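Peer 1: Residue-level listing of the chains:
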Amino acid sequence: MASTEEILAGLAEIVNAETGLDVADVQMDKSFTEDLDIDSISMMTIVVEAEDKFEVKIPDEEVKNLKTVGDAVNFIAAAQA
Amino acid sequence: MMARKVVITGLGATTPIGGDVPTLWENALKGVSGAATLTDSWVEEYHLPVTFAARASVPATDVLSRVEAKRMDPSTQFAVVAAREAWKDSGIEEIDRNKLAVAFATGIGGVWTLLDAWDTLREKGPRRVLPMTVPMLMPNGPAAAVSLDLGAAAGAHTPVSACASGTEAMHVGMELIRAGKADVVVVGGAEAAIHPMPIAAFSSMQALSRSNDNPQGASRPYDIDRNGFVMGEGAGALVLEAEEHALARGARIYAELAGTSVTADAYHITAPDPQGLGATRALKAAMFDGLIQPEDVVHVNAHATSTPVGDKPEYSALKAALGDHLDNVWVSATKSQMGHLLGASGAVESVLTTLAIYHRLAPVTINLDNQDPDIPLKVVTGEPAKLPAEGSIVALNNSFGFGGHNAVVAIRSV
Chain A
1 MASTEEILAG LAEIVNAETG LDVADVQMDK SFTEDLDIDS ISMMTIVVEA
51 EDKFEVKIPD EEVKNLKTVG DAVNFIAAAQ A
Chain B
1001 MMARKVVITG LGATTPIGGD VPTLWENALK GVSGAATLTD SWVEEYHLPV
1051 TFAARASVPA TDVLSRVEAK RMDPSTQFAV VAAREAWKDS GIEEIDRNKL
1101 AVAFATGIGG VWTLLDAWDT LREKGPRRVL PMTVPMLMPN GPAAAVSLDL
1151 GAAAGAHTPV SACASGTEAM HVGMELIRAG KADVVVVGGA EAAIHPMPIA
1201 AFSSMQALSR SNDNPQGASR PYDIDRNGFV MGEGAGALVL EAEEHALARG
1251 ARIYAELAGT SVTADAYHIT APDPQGLGAT RALKAAMFDG LIQPEDVVHV
1301 NAHATSTPVG DKPEYSALKA ALGDHLDNVW VSATKSQMGH LLGASGAVES
1351 VLTTLAIYHR LAPVTINLDN QDPDIPLKVV TGEPAKLPAE GSIVALNNSF
1401 GFGGHNAVVA IRSV
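Chains as they are written, first to last, in this note's numbering: chain A, 1 to 81; chain B, 1001 to 1414.
Source of the hints: derived by calculation from the structure; they are not laboratory data. Check before you lean on any hint, since a few could be wrong.
Distance condition first, Cα-Cα at most 30 Å in a straight line; then the derived BS3-like pairs of lysine-lysine [as the list claims (entries may be wrong)]:
1. A:Lys53 with B:Lys1312
2. A:Lys67 with B:Lys1070
3. B:Lys1124 with A:Lys57
Just so you know, these numbers come straight off a predicted model, no measurement behind them.
Can you make the complete structure from the sequences, with help from the hints?
Peer 2: Rendered as structure tokens:
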């Protein structure tokens, strides 16, 4: 099981690979759409990559609730618990 | 009312013999081969009967950013690389986006993406099929990506006519400008099909050369020993512009796109009409469209793929369209150098034809050791041929595709 910091760091790497955004820009309070300008297609790619990396399931209907990076990190942490 | 005159003001290309237009032109005059043995593991894995091809000399992933490339099929990557070069070359800085259109062709489209996604589905299940799969595999992907990249809002078109596609894009661009629907159209063609499945499929229909022991000598249009085409990849792009628009901004004009035409053989799904009747009609129609007499024509960039059955009917068509004057016309078969870029070939060859008119110099044909006596064309070999230094000159570029598609463009000096 990964810590919140580890999940954030891992997620930032996935976001960087998909969008080219600096890993330092991927912070807990950032909105995927408003702040990071991530479209729905990139978001789905990030979700699938995160499922692989953290060995969790993120149901499609849950994705719309993951508005901020923190939402995603917390969801993954809870799913791993 | 006279039709609007259309001129060519920008050129771009990424090909097996040059990753940009200056390199392509330099090599086309020199006479080099872009073909080489494929080192990919899948060649042996699938026991492919053909083990070589002409890859783009500069991978698109060396030019585009990692994130850009990741969201594009290789065919679209090539299209964007070529279109950006053509756009920069045109020097256009500002334009009404509603008067800028795109006509970007492909023969096959996103075949890598389609087959990779199928592999992923079978190996890992539906959830792992990338969400970008559909926009990456669709054949209008190159046109859409170029439109997005340049902000072209007057329309993005995708002519698909197999190996005539790139030249048909020139025709579409011409029509859009003449109809007043656009002032500038970025036209082109892109292909990235050096994948085991298309190689197997083209091999099955006996279309590819199997000179595995001599890749650089395999593409030999008009030679008595020609035995099929060599698969190439890449893209070509041209900026077509209404003459008054180009003059108003003081643009460098390479040449006039004087005439274009498209016909269909309606004869056979793959075999060309043995007498080249459809190609003859296309040649005559393009010349009529550009008010061109046979005597005006000094150069032809031929389709000439190096297949036993394809090269001869094109000769018959040229003879029918140009008559005895054909003996004076310099013919270049540039597929001898870069292989057959399928849906991109007509665009890259239009770039070469434009440069031939602009520099008054025709590129060379390589590997022509024993010219087929049934094809007595005046072929440029060894050294580039000097075209008449004075006066108005015209060159033709032919492209033909499976399905009986014939496309011809006529390019005139300005």
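Peer 1: All the hints need checking, so say for each whether the structure fits it.
Peer 2: So, going through the hints one by one against the coordinates:
At most 30 Å may separate the alpha-carbon atoms for a hinted pair to count; Lys53 of chain A and Lys1312 of chain B exceed this at roughly 58 Å. Proposed proximity of Lys67 of chain A and Lys1070 of chain B is supported: the alpha carbons are some 24 Å apart, at most 30 Å. A C-alpha spacing of about 15 Å is found between Lys1124 of chain B and Lys57 of chain A, which places the hinted pair at or below 30 Å, so the restraint holds.
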